[in-house]
Amino acid sequence: MIDEKFIPEGVERCSFPKFMAWMFFLLLILLIGIIAAIKILWKGLGVTGLNNYFGFGLWITFDLSVIALGAGAFFSGFLRYILRIDELKHILNLAVIIGFLCYSGAMMVLALDIGQPLRCWFGYWHPNVHSMLTEVTFCITCYLMVLTIEYLPIILENRQIIKNPFCHHLAHNFHVFMPLFAAVGTFLSFFHQGSLGGMYGVLFGRPFAFREGFFIWPWTFFLFILSAIASGPLFTVLICSLIEKITRKKLVSYSVKELMGKISGILLCIYVFFKIIDTYAWATGVLPKMGFTFDQMFNNVYGKWLLWTEIGICGIIPAIMLIIPKLRRIPALLYIAGILTCSGIIINRFVFTVQTLAIPVLPFDKWYVYIPNWTEWATSVMVITYAAIIISLSYRYLPVFPQEKYLNSK
Amino acid sequence: MSELMQIHEHFKVRWGMVIDIDKCTGCGACVMACNTENNIAPSTDRFNRLRTVHWLIIYKLTNGKTGKEYDEAYLPRPCMQCENPLCASVCPVVATTKDEEGGIVSQIYPRCIGCRYCMAACPYHARVFNWYDPVWPKDMEKIITPFTSVRPRGVVEKCNFCHHRFQKAKEEARAKGQNPLELEEDAYQPACAEACPTGAITFGNLNNPKHKVYKLSRSKYAFRLLEKLGTNPQVYYISKREWIKKVADNYLEHQNQKG
Chain A
1 MIDEKFIPEG VERCSFPKFM AWMFFLLLIL LIGIIAAIKI LWKGLGVTGL NNYFGFGLWI
61 TFDLSVIALG AGAFFSGFLR YILRIDELKH ILNLAVIIGF LCYSGAMMVL ALDIGQPLRC
121 WFGYWHPNVH SMLTEVTFCI TCYLMVLTIE YLPIILENRQ IIKNPFCHHL AHNFHVFMPL
181 FAAVGTFLSF FHQGSLGGMY GVLFGRPFAF REGFFIWPWT FFLFILSAIA SGPLFTVLIC
241 SLIEKITRKK LVSYSVKELM GKISGILLCI YVFFKIIDTY AWATGVLPKM GFTFDQMFNN
301 VYGKWLLWTE IGICGIIPAI MLIIPKLRRI PALLYIAGIL TCSGIIINRF VFTVQTLAIP
361 VLPFDKWYVY IPNWTEWATS VMVITYAAII ISLSYRYLPV FPQEKYLNSK
Chain B
411 MSELMQIHEH FKVRWGMVID IDKCTGCGAC VMACNTENNI APSTDRFNRL RTVHWLIIYK
471 LTNGKTGKEY DEAYLPRPCM QCENPLCASV CPVVATTKDE EGGIVSQIYP RCIGCRYCMA
531 ACPYHARVFN WYDPVWPKDM EKIITPFTSV RPRGVVEKCN FCHHRFQKAK EEARAKGQNP
591 LELEEDAYQP ACAEACPTGA ITFGNLNNPK HKVYKLSRSK YAFRLLEKLG TNPQVYYISK
651 REWIKKVADN YLEHQNQKG
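Residue numbers (the working numbering), protein chains in the order written: chain A, 1 to 410; chain B, 411 to 669.
To be clear, the hints were calculated from the coordinates, so they are not data collected in a lab. Where a beta carbon is used, it is the ideal one built from N, C-alpha and C, also for glycine. One or more of the hints may lead you astray.
Unchecked claim - The calculated DSS-like cross-link candidates involving lysine-lysine, where the alpha carbons are at most 30 Å apart (straight line), are:
#1 K366(A) - K548(B)
#2 K89(A) - K163(A)
#3 K366(A) - K650(B)
#4 K289(A) - K89(A)
#5 K366(A) - K475(B)
#6 K630(B) - K366(A)
#7 K552(B) - K289(A)
#8 K470(B) - K586(B)
#9 K478(B) - K655(B)
#10 K405(A) - K18(A)
#11 K580(B) - K366(A)
#12 K655(B) - K630(B)
#13 K655(B) - K366(A)
#14 K655(B) - K289(A)
#15 K405(A) - K163(A)
#16 K304(A) - K620(B)
#17 K620(B) - K289(A)
#18 K250(A) - K304(A)
#19 K638(B) - K580(B)
#20 K433(B) - K366(A)
#21 K304(A) - K638(B)
#22 K43(A) - K548(B)
#23 K289(A) - K475(B)
#24 K586(B) - K620(B)
#25 K5(A) - K163(A)
#26 K470(B) - K289(A)
#27 K470(B) - K366(A)
#28 K470(B) - K638(B)
#29 K43(A) - K580(B)
#30 K650(B) - K289(A)
#31 K580(B) - K289(A)
#32 K580(B) - K39(A)
#33 K656(B) - K366(A)
Stated by the list, open to error - Some chain B residues near chain A, calculated using beta-carbon distances under 10 Å:
#34 F457
#35 G524
#36 P533
#37 I553
#38 V566
#39 L591
#40 E595
Given only the sequences and the hints, what does the whole structure look like? Please build it.
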């Protein structure tokens with residue numbers, strides 16, 4: 001193979017032409033997204049499906065979802081380096097890469113989403129300390145830097161790069177300080193995951209989103225943290241299994257995945273418990289105070305089925321599946337639970353973004369429906385494709401999975 | 411309402427509006443005056459109500475009955491200039507504030523990054539986004555006034571009670587050696603109030619007993635939109651028709667409406 005000397009020692013990879021064909025396919029999809037992005041930047045947000053009622057739409061849903069699902073990086077790091085759960089080192093590299101891709105992808109989408117991309121630095125220069133979005137802006141930027149620092153040693157460990165003494169020492173030193181970065185990442189992530197929830201919880205003009213809370217933090221602040229740390233590790237497991245399926249190799253031992261599932265299961269139980277209490281308190285306390293009934297929060301498009309699916313099918317059921325050892329030991333059930341959990345989190349982020357805005361608050365107003373158009377879809381798919389490209393390159397050229405050699409030699 | 415989001419600032423002067431719905435015919439003169447005064451470009455998606463860049467819109471209200479019992483009304487809706495403006499507290503870049511004597515919620519266009527969080531926060535839909543570059547048809551650009559800046563694509567804008575007129579009135583008061591905080595009622599009037607042919611819009615300082623709005627806003631027929639939310643708008647409405655007051659806020663069956 002033409003690129004053999006760059007491929008980690010002792011592992012097998014597909015032929016170079018096959019890899020190139022895969023990359024070409026991904027680049028083609030990426031190109032469609034780039035065309036859409038150029039159109040948006042050139043013509044303005046008028047070419048999207050957004051409007052004055054739905055200022056937030058698919059992109060914000062996408063951002064919030066990937067940031068929640070990317071929480072596997074900080075939380076696995078926290079468990080590995082702070083709580084010293086050593087087994088997680090086998091999947092930590094992948095968690096870091098996924099986290100990096102989720103956050104950098106979210107940044108790309110945000111750059112398109114704001115009406116004045118050239119003013120994106122205003123958030124740092126003229127921050128409003130009362131805005132949850134300011135906190136999100138700062139923490140996400142800082143955390144992306146931490147993720148870059150965490151990703152860098154994995155890149156430096158490439159077979160050829162590591163031969164360079166400077167790179168070798170740099171990678172080593174990064175590893176030495178990794179617990180510090182993990183701690184910083186944990187601190188930053190807890191706050192911005194929470195602030196993303198807080199962003200909605202503070203909206204006292206929006207009955208669907210508004211929540212009371214503790215001190216300055218609405219309850220959504222804590223629920224968003226919990227849901228992110230419950231779904232993040234499962235998302236990492238799902239991506240790992242998807243890579244295994246595509247490459248037809250064992251990359252991480254099932255016991256590690258099961259452990260991730262167990263941790264997620266416990267957190268999901270806690271999350272679902274509080275989510276049910278929160279929903280009850282919202283329906284019986286917050287809404288009547290604002291003059292609304294629970295039924296008024298739903299219509300035939302944004303129906304109660306979304307809520308039941310989120311809490312029941314994608315909350316309670318996977319929580320049970322993950323908490324019972326017998327069930328999570330069956331790979332198919334673990335993966336199904338993972339898919340359900342991640343879907344539930346996406347539904348949660350969707351309803352908080354879109355349903356919040358669809359509900360008529362003025363009594364003489366009416367429901368509106370938001371339909372994203374092709375430019376929003378294409379740019380979102382572009383970010384997923386970007387992630388697929390980086391994961392493909394990382395898998396091929398970097399020692400991402402420490403167990404790969406051992407698991408495939410049997 | 412979240413206490414965190416309350417802006418505990420009290421102004422000596424609170425510019426406000428009282429709109430008599432019983433006098434409004436829905437003619438749209440206020441909208442046209444607003445658009446012209448504030449250099450609002452003709453909307454590209456002018457037939458898409460959710461994309462138009464109007465600071466002031468008129469809602470048609472009906473009592474939901476038919477035949478002889480049918481009744482309708484028109485409700486002009488400018489920015490409510492809330493005393494607790496959620497838009498100001500959520501803006502990440504301080505592009506919208508309520509910090510000037512007069513209590514008008516500002517919108518600083520060169521500062522706005524166009525994130526639209528303020529639009530998501532405002533329950534009155536008073537904020538609009540510039541989805542396209544502002545384009546005036548040929549020769550129509552001659553009507554652009556020098557008093558209001560033209561906004562670029564990608565920023566949020568909203569009614570500011572014709573703030574430039576407020577500035578002018580204050581300057582004139584200073585030139586005459588008067589106190590700019592004690593403006594006469596006629597010294598400062600927004601374009602919509604000036605243009606209304608039926609006199610449905612009354613404008614003035616809500617704290618000044620000499621101004622008509624002082625008394626009108628305290629009338630038993632006065633009410634505000636969505637009072638339960640705690641935004642405390644500086645825009646009041648007046649109507650003697652009970653059903654109109656009822657559609658101004660959300661009530662559960664057992665809850666009594668105000669008024």
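Output the numbers, in ascending order, of every earlier hint that fails for this structure.
1, 4, 7, 8, 11, 16, 17, 18, 19, 29, 31, 32, 34, 37, 39 and 40
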